[in-house]
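Chemist: Residues per chain, in single letters:
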Amino acid sequence: MVTAALAASFAVVVLLAVVLWLSFTDGAPGDPALAYTLAHYADVFLDAFTYRVLGNTVLFAVIALAVALACALPMAWLMERTDFPGKPVVFTLMTVALLIPGFAVALGWVFLVHAKIGLLNRALMAVLGLGAAPFNVATVPGMGMVEGLSLAPLAFIMVAVVLRAMDPALEEAAAIAGARPVAVMWRVTLRVLWPGLLAAAIYVLTIGFAAFDVPAILGLSARIFTFSTYVFSALTPTAGAPEYGEVATLSVIMAAIAALLSVCYRTAQRQAPKYAVVTGKAYRPRIARLGRWRPPAVALVTLYFVVAQLMPLAMLAWAALLPYLQTPSAAALALVTLRNFTGLPRALVLRAIGNTALLMLLVPSITLVLSAAVSWVVLRTRLRGRAVVDFLAFLPLAIPGIVFSVAALLLALFVLRPVAPIYGTIWLLVLVYVVARLSYGTRMMNGALIQIHRELEESASICGASTAGVLRRVLVPLMAPAMVYAWIWIALLTYRELTLPVLLSNGSNLPFSFLVWGFVQASSYGQASAASLLMLGLMAPALFLYWIAARGAGMIAPR
Amino acid sequence: MITIRNLAMTYRTAHGEHQAVRGVSLEVKQGEFYTLLGPSGCGKTTILRCVAGLEHPDAGEILIGGEVVFSAERGIWVPPHNRNIGMVFQSYAIWPHLSVFENVAFPLRIRRRPRAEVQSRVMRALDMVGLAALAARSAQLLSGGQQQRVAVARAIVHSPSVLLFDEPLSNLDAKLRDNTRAEIRRLQRELNVATVYVTHDQAEALSLSDRILVMREGIIRQEGSPQQIYAQPRDMFVADAAGAANFFDIEIRGVDGDELHGIAPDGSIIRARGTQAAIGPGRVMVRPDRLRITPDEAAVAADLNRLHGTVRQRLFLGGHFEYAVAVGATVLRVFSPVEIKEQSKVVVSFAPQDCILLGAEATQPQEEAKPWA
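Chains A and B, in that order, give the protein sequences.
The opening residue of the first sequence carries number 1 in my numbering; numbering runs sequentially from there.
The opening residue of the second sequence carries number 1 in my numbering; numbering runs sequentially from there.
Rather than coming from a laboratory, the hints here were simulated on the basis of the structure.
It is possible that part of the hints are untrue.
Far from chain A by the CB rule (all over 12 angstroms, computed), these chain B residues [as the list claims (entries may be wrong)]:
| # | residue |
| --- | --- |
| 1 | Gln19 |
| 2 | Ser25 |
| 3 | Glu61 |
| 4 | Ala135 |
| 5 | Ala151 |
| 6 | Asp249 |
| 7 | Asp256 |
| 8 | Leu317 |
| 9 | Asp354 |
Only some residues are given here: those of chain B computed to face chain A with a beta carbon under 8 angstroms [said to hold, decoys possible]:
| # | residue |
| --- | --- |
| 10 | Ile76 |
| 11 | Val78 |
| 12 | Pro80 |
| 13 | His81 |
| 14 | Met87 |
| 15 | Ser91 |
| 16 | Trp95 |
| 17 | Pro96 |
| 18 | Pro107 |
| 19 | Ile110 |
| 20 | Arg111 |
| 21 | Arg154 |
| 22 | Tyr230 |
| 23 | Phe248 |
Owing to the predicted nature of the structure, the values given are computational and were not obtained by experimental measurement.
Virtual Cβ for every residue (Gly too), placed ideally from N, Cα, C.
Excised from the complex, chain A in its bound form:
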């Protein structure tokens, strides 16, 4: 257990250390005459373009947050605090939306509101007689809005948890003291939940800051960069060799900003329980009756799903079925063909499916073993330095995916090449996927382990069980539901992941998401759509499995 926990910590340290080291070195890495320098930092900080990218990223993340909260807050309130009909359906759909690959939705948005080819733009131009496209998705606000719509499910689930953790008696007491519902909301609910809501908002902001899928698919071709895509494009220059030192420096800066946001998140999160009145009593939430507001509420939630999820995915399907994109019409319907599907390079698709399947088996299993070890060391032992292990396992949460991608690339190219040439193999992907999911895994395992009273283990050892026996006979069976749930969840995240493999994949170790990315980069949008659809279709059984496990673990449906 201890060895596994140390291995996990070591992997995190090595990945980040490589990036840090390269950001301070000059010359070709691996060169014995390597010199330490601050030149990269000077270059980056003196380049005006860096600040433009920073400004873009901040604007992008803030707009994404605003849009996500605007969708999530009312919906979370409707689900947690009103008699909204069919809540489990909404929760299930939200969870599914959380797992739909971001690039697939982004692709759908390209077809909808791209300045040149966007169907919504063309339709509005035709109807309103406009000379130019009313929307342009390849702008920072456009990308921010799309990102916001796809972050809404995450924000929704975080806000819902916050709303659920409040003792409804606090609101009831205000009502009895004479406060009208609006006054209760303003003077009690929002004030009490403020730290929790703030933490959720910072978390969503962090994710938006690090987002890659949406700015990559919508912005790269128009050369509108956020930090993630800027790092990516710096590593894949159109001409010449990449400036590894500068990329490392950018990554360090990005990681530092993200880490700062995470510190804010941790601080806000620590404030949250200060206000939570923990009585150990199962809360029966105060349910407001919607009455005649029920139809508009249902309409609002439906509108979100239609606009944010259904519309882009429908566009994806439409684009996949046509040889070239055009407005839906009878004439267009006649052109419908499966050529985009049949024309997919079969061998490559099969290899991508095989790779993805392998990743989905290995990554959750390894992650959970390591996470369980870390949790056990942190919560159940008195080893010195266990706080460091805890911190290192939390760190990946703060690091943007693209930085991990860079880190793994640099590690494979400059450190591991002589000893373990894993560049271009699936093992490099396994390594970086596992490290990136470590924080999620440990948080899940911490949650599960904390709920198991220590005396359950102690009594087993009193009864004569060895450490391994306690593990096998008590801990694992008790943690099994949480482990199964976390396993499937990590597997699904692995399936939808594009950021981590984007710098590490080639024709042989590519996962399915990278295949789609390849089509996008080659501007074969029809094939990209077809491949995305295929991916979504293959995801369905896994989603169903998840749904069963989540219901078993009580994770879906408010109550």
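Once you have looked at the hints, place chain B on chain A.
Modeler: This is chain B only, laid out in the frame that chain A set:
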């Protein structure tokens, strides 16, 4: 001050329906301390929440101070913020983001009372609960007992026409509970306001109330003064809810008005009280503190019932002993200051008026675990 007529409420959850209250009517007078007593899930809290306006009942009518606040028939439901009530929650519901003073001031602030009035009334309310010194403190820094008192101050600060308590003492430790109990009683007397108090604790109910309503599964089992509920319970459930009780079966041989006599488990003839007694089998109740035991039968007064048994177990409880005495197949609990050795032959005696014939009931109350039984 509070009138409830034929109140009924059903909870609909994912697991099905639960009839929490099934046709309850009651009346609480001005200044009266009225307690709803029963085990968890009996519907007592639901009734309280219906009075507060925190639930929407399905049927019936609720009046507060003569004004209809709920009527299913007439489609009236006054929201809680318009009912002018004060309520103390089980979790106290102290707002963590406000100071002690602001917590208590909240009902006045909502009513937009002038600053000077808020100041003086809040301080008076805090004075009444003995917390004036802590007015500026953050509510998060209070102990459980202090939170409870802030909750009481907040409930009374705006002179509500009705006070509601939802198990307010259940989260306090035993010693604090006793003190706070006395304080609540004193405050309520002082304010002379109609009060509904929900509890499952028989000692609280008996000591605080003017009247007690014993509930089970959403139905009223008995209403009466604490003395009536304790001494003349209608059935086993009420007897059990109101305190420690012994039950045993007798064979009724004769009835004379509300007096009867019959054969006890040990074969003795005993006398008991029962208004609707009939010849045949019956079940009687005697409180353990009304039983006396002695090894010496000659010392027992002539007009007392007597049963012959053997001491099976003795527990020393400080103020008295608790004995388990086997009488025939029945085991009786006896509280007595007299010290008698285990396995002694004893006579258990009690007055006929302390032995109550119980009414029939469909289901038995849950028996406490009796290790010697």
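Chemist: None of the hints should be skipped; say for each whether it holds.
Modeler: Against the structure, the hints:
1. Taking the minimum C-beta to C-beta distance to chain A, about 17 angstroms, the non-interface status of Gln19(B) holds against the 12 angstroms cut.
2. The claim that Ser25(B) is not at the interface with chain A holds, since no C-beta of that chain comes within 12 angstroms of its own (minimum 24 angstroms).
3. The non-interface label for Glu61(B) is consistent with chain A: the shortest C-beta to C-beta separation is roughly 20 angstroms, beyond 12 angstroms.
4. The Cβ of Ala135(B) sits about 17 angstroms from the closest Cβ of chain A, beyond the 12 angstroms cut-off, so the non-interface label holds.
5. At roughly 8 angstroms, the least C-beta separation between Ala151(B) and chain A is not larger than 12 angstroms, which violates its mark as non-interface.
6. Separation of Asp249(B) from chain A is adequate, the least Cβ-Cβ distance of about 40 angstroms exceeding the 12 angstroms criterion.
7. No beta-carbon of chain A is positioned within 12 angstroms of the beta-carbon of Asp256(B); the least distance is around 53 angstroms.
8. At the 12 angstroms boundary, the C-beta of Leu317(B) stays outside the reach of chain A, the nearest C-beta of that chain being 30 angstroms off.
9. Consistency note on Asp354(B): stated as away from chain A, and its beta-carbon is indeed over 12 angstroms from all of that chain's, at 40 angstroms minimum.
10. Because the smallest distance between the Cβ of Ile76(B) and any Cβ of chain A comes to about 15 angstroms, over 8 angstroms, the interface hint for this residue is violated.
11. Residue-level restraint check for Val78(B) is violated (minimum Cβ-Cβ distance to chain A is 12 angstroms; threshold 8 angstroms).
12. Given the 8 angstroms rule on beta carbons, the hint for Pro80(B) holds: about 4 angstroms separates it from the nearest Cβ of chain A.
13. A hinted interface residue such as His81(B) counts as satisfied when its beta carbon comes closer than 8 angstroms to some beta carbon of chain A; here the least separation is about 5 angstroms, so the hint holds.
14. Checking Met87(B) against chain A: minimum C-beta separation of about 5 angstroms stays under 8 angstroms; hint holds.
15. Hint on Ser91(B) holds. Least Cβ distance to chain A is approximately 5 angstroms, under the 8 angstroms limit.
16. A cut of 8 angstroms between beta carbons decides the hint on Trp95(B): the least distance to chain A is about 6 angstroms, and the hint holds.
17. Satisfaction of the interface hint for Pro96(B) is found here, the shortest Cβ-Cβ separation to chain A being roughly 4 angstroms, below the 8 angstroms cut-off.
18. Annotation: interface hint on Pro107(B) holds; nearest CB of chain A at approximately 4 angstroms, less than 8 angstroms.
19. Nearest Cβ of chain A to the Cβ of Ile110(B): about 4 angstroms, under the 8 angstroms cut. The hint holds.
20. Look at Arg111(B): its Cβ gets to within about 6 angstroms of chain A, closer than 8 angstroms, so that hint holds up.
21. Here the hint on Arg154(B) is kept, as its CB sits about 7 angstroms from the closest CB of chain A, short of 8 angstroms.
22. Interface hint status for Tyr230(B): violated, as the beta-carbon distance to the closest one in chain A is roughly 30 angstroms, over 8 angstroms.
23. With 8 angstroms as the threshold, the beta carbon of Phe248(B) stays out of range of chain A, its nearest partner Cβ sitting at about 39 angstroms, so the hint is violated.
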